[in-house]
Structures are given as structure tokens and as C-alpha cells.
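Participant: Quick mapping for you: the protein sequence lines, in order, are chains V and R. Sequential numbering from 210 applies to the first sequence in my numbering. Sequential numbering from 16 applies to the second sequence in my numbering.
These are computed hints drawn from the structure, not numbers from a lab. Glycine included, every Cβ here is placed at the ideal spot set by N, Cα and C. Any given hint might turn out to be false.
[Unchecked claim] A few chain R positions that, by computed beta-carbon distances, are all more than 10 Å from chain V:
hint, residue
1, 26
2, 35
3, 43
4, 60
5, 62
6, 63
7, 64
8, 72
9, 111
10, 128
11, 186
[Stated by the list, open to error] Distance ranges between label pairs, derived from CB positions:
hint, chain 1, residue 1, chain 2, residue 2, range
12, R, 161, V, 407, 38 to 44 Å
13, R, 85, V, 427, 42 to 48 Å
14, R, 107, V, 297, 45 to 51 Å
15, R, 199, V, 465, 29 to 35 Å
16, R, 170, V, 426, 51 to 57 Å
17, R, 192, V, 344, 54 to 60 Å
18, R, 128, V, 321, 35 to 41 Å
19, R, 161, V, 296, 31 to 37 Å
20, V, 299, R, 112, 48 to 54 Å
21, V, 331, R, 65, 25 to 31 Å
Listed below, chain by chain, are the residues.
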Amino acid sequence: MRDFNVSDVIEPVKKLCIEANTILPEDVKKKLLDAKEKETSPVGKEVLAQIEENMEISATEKLPLCQDTGFAVLFVEAGQDVHFVGGDITDAINEGVRQGYTDGYLRKSIVDDPVVERKNTKDNTPAVIHWSIVPGDKVKITVAPKGGGSENMSTVKMMKPADGLNGIKDFVVEWVRNAGGNPCPPVVVGVGVGGTFEKVAFLAKKALLRDIGDRNPNPVFADAEKEVLERINKTGVGPMGLGGKTTALEVYFETHPCHIASMPVAINVNCHAARHQSVIL
Amino acid sequence: MSERKKITAPFADEVVKELKMGDGVLMSGVIYTARDAAHKKLVELINEGKELPFDMQGAVIYYVGPSPAPPGYAIGSAGPTTSYRMDPYAPLLIEHGMKGMIGKGQRNQAVLDAMQKYGAVYFAATGGTAALIARSIKKAEVIAYPELGAEAIRRLEVEDFPCIVANDAHGGNLFAEGPEKYKEA
Ligand code: SF4
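Let the hints inform the model, and build the full structure from the sequences given.
Facilitator: Structure (C-alpha cells):
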């Protein structure tokens, strides 16, 4: 057993919140630059050039890439040999988020009650935390700030097993086409297939953490990822929905065994500000 | 996009008429920020016949909720938010003199109809280029509803704010025609 003082997550979580919001992962950056070269629409090229310039400014001036610095979504993999001591680990994570969003001049976008009062919590807490227990005695924390614009363009559909893989592919392509410019294309599309109603949404979200070009280990789904990506880029939606060849940067499928009666499918859309940063403690 | 039209806000109908779908624009002058919560309040004021916090004649509204300004900055990051959330309110504001809107994503038919009827332009700014856009904002001042925080109404002085005419007052719609042109499947 390794004793792990919960206060030791505060500083790393704070840093991750700030870094994730100002620096895009290298693979996403590279993919965006490639896309700019290949884009044939002048308006699309201009949009991608602005995105490139923005990445440079935010990295040098430490300003957030996007003013919507998102919901703080965290994935925490805790080793089963870790023993958290010194307080409540969830409180400690939220303290890190609070400090990151306050000291980092990030926008506070969370309201306490989702319907009636909608009063801002003023420090971007509480975070959404997805826990998993893994072998070992380390703690891996990933912060993936999620913007409202692209999150609003996400969905879950309880499809019929008879709809098959073709049904899923069509559903995803048409969904992204209809989202148009709203989720800030070029987008990254996380597709969850299988499991239950809540599991499939989690899979779609988790898919967004993958690296560009990292394919599903099952060749059937790897091919589906490539095909759907190609088809989305043929919709013409283009950068910011203004027309062009770059509508998505990547499509990732994550699957899970499922019930004989069901075939749940979830689509979680991420914008070109596909932000996430991790640390292992 | 090589040629960009330079315009100054607020602006009159002559400017509205000249702007065409797909034009690259550098906007200077004074614009106002408002998101859903502020729009709701503006519409309530109009319906109650009360005075608005700024002159709507020729005004440009930018749909944005900026991040906090770090020391030494006029404003934090300030990119556009998704415009469709303002669709229920925009036609009334257009009817009352608003000439321009800056945001991201497509608008509904009611907004497009009002734009054609009264003459107004919808500019698309690039979502997620908030640090870049912040550079063109020289001054920012909260003029109404400070309690709304990021959603308060701000008066912005801008210089060469980069945007693209997405919908003009003549029915041109880049969100429809752009994708149609590049569509292969
Ligand atoms: S969808 Fe993404 S890039 Fe667009 S405004 Fe929201 S967080 Fe920013």
C-alpha cells in the first residue's frame, strides 16, 4: 500500500487545467497544420490560418485558446495499491480545479442548478470526475476541458441490432453534417458503441482522449473510423461550417460488449480545440 | 482570402448593402457583447418600452462571454459563442435597428428573414480563436448587468476584428452555399 496525501493532487490538477487550456496536444496541432495545407476552400484556409495563429498567440502569451475554457472533465486512474489519506480526494481535486480556473484567468462556466436559478458557482467547480481502479500504485490524472458548443452537438441513440455497422456509420455522418458550424469544425468525433445507456456515453467521451491516428485495435472498427472520417470530410461542411474539405480531424470508435436486445450508440463531438493533458503521480 | 473590407461599427444601411456573403471583413469601431441572458433582458426592455443600455441604431452585437482579463490586458480570450441560442431574440433587435451580429454557426429562418426585411448582416468569427480575436479588442467596459459575469453587456472598442460575412442582407447564405460547393457525398 502506498499512502497518498490527497493535498498532493491540488497543484498538479491546477497546472493541468491551465496547460490544457493554453496548449494543444502536439498531434492535434500537427493535424490542423496539415489540414490547412490541404484545404482547397479559400474561406476554409483562412479559418485554419486563424486557428494556427491563435495557437501561437495562446502558447506565447499564456492566454486560453478559447474563451470557453470548458467543463473540467477529469479521468482519474487510481492504482489499487494506493491509499488516499489526509482528507476527501474529490474535494482536493475540486480545489485544484478552483485554483487553476481562478489563478489561470480561465472562464467560470458552471451554474449550480441546471434549470431554474442557473447561478454561477464562480470557480468552475464541481468537476466531472471519471474514476477507474487499475493495477499498481500510481495515480494518472487527465484533465480534458470540454466546451459547451461542441458538447451541445452530442447525442445518444438506442439503435436496433439490425441497424448494423452501416446504420451506425450513416448515423454518425449525418449527425456531424447536421451539426454544421455549431461545434467549431474541424471536429474530433468520439463514437461509443455497445454497453448500456450510460456506458456508451462514457465510451464516446473517453474516445476523445486518443491520439490522432491511433486506431481501434479491432480492424473492423479501425476501418469504420477511416471510412466515417472520409465521408464526413466529403460533406463539404468545412472549417466553421463555411464550406470546405476539412470537417473532421479524427473519428474514434470505442466499443463494449452489449445486451442481446440492444445496440446503443453515442456521439460526443469535440471542437478543433481538442484539449487534454495528463500527469502520472 | 486576400482582399478584406474594412468597416467601422456602428454602421448604416449603405454598408449593409455593400457586404456580400463570403467577404472577409476587418471591423473597427464600437461593438457590444451579449449572450443569451443579456438578450433576454434586452428583449424584455423593448417589450416594456424601456430605454436600452446602448443605442441599437446601427449597432453590432458580438456573441461572446470572454475569459477574465489577466493583468495588463483589456480583455481575456474572447472568441464567438454559438449563435442559434440568440435566434429567438435577434429578429426583434434587428427590427429595432441592430445592423450586425458576430457569432459562430448557422441561424434560423426567422433571423434570416428579419435580416433581409430590415437590412442586417451576420458575420462569422472563427470559434476557438479567442486569443487571436482578443488582440483586436483595444478596450472593454461592462455597461450593463455586471452580475452576469462573463455574460454581462460590454462595450468593446475594436480594431481590425477579423470576420467573414456568412449571411448578407440579400439572402446570401454561406452556411448553405459553402458546404454545397464542396460537397462530394
Ligand atoms: S466549441 Fe470549442 S472551440 Fe468552439 S467555442 Fe466552444 S470550446 Fe471554443
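Participant: Determine for every hint whether it applies to the structure shown.
Facilitator: Do the hints match the structure? See the list:
{"no.": "1", "hint": "26", "result": "22 Å, holds"}
{"no.": "2", "hint": "35", "result": "13 Å, holds"}
{"no.": "3", "hint": "43", "result": "18 Å, holds"}
{"no.": "4", "hint": "60", "result": "20 Å, holds"}
{"no.": "5", "hint": "62", "result": "21 Å, holds"}
{"no.": "6", "hint": "63", "result": "22 Å, holds"}
{"no.": "7", "hint": "64", "result": "27 Å, holds"}
{"no.": "8", "hint": "72", "result": "28 Å, holds"}
{"no.": "9", "hint": "111", "result": "26 Å, holds"}
{"no.": "10", "hint": "128", "result": "19 Å, holds"}
{"no.": "11", "hint": "186", "result": "17 Å, holds"}
{"no.": "12", "hint": "R/161 to V/407: 38 to 44 Å", "result": "39 Å, holds"}
{"no.": "13", "hint": "R/85 to V/427: 42 to 48 Å", "result": "46 Å, holds"}
{"no.": "14", "hint": "R/107 to V/297: 45 to 51 Å", "result": "49 Å, holds"}
{"no.": "15", "hint": "R/199 to V/465: 29 to 35 Å", "result": "33 Å, holds"}
{"no.": "16", "hint": "R/170 to V/426: 51 to 57 Å", "result": "54 Å, holds"}
{"no.": "17", "hint": "R/192 to V/344: 54 to 60 Å", "result": "55 Å, holds"}
{"no.": "18", "hint": "R/128 to V/321: 35 to 41 Å", "result": "38 Å, holds"}
{"no.": "19", "hint": "R/161 to V/296: 31 to 37 Å", "result": "35 Å, holds"}
{"no.": "20", "hint": "V/299 to R/112: 48 to 54 Å", "result": "50 Å, holds"}
{"no.": "21", "hint": "V/331 to R/65: 25 to 31 Å", "result": "29 Å, holds"}
When each numbered hint is compared with the structure, no violation occurs for any of them.
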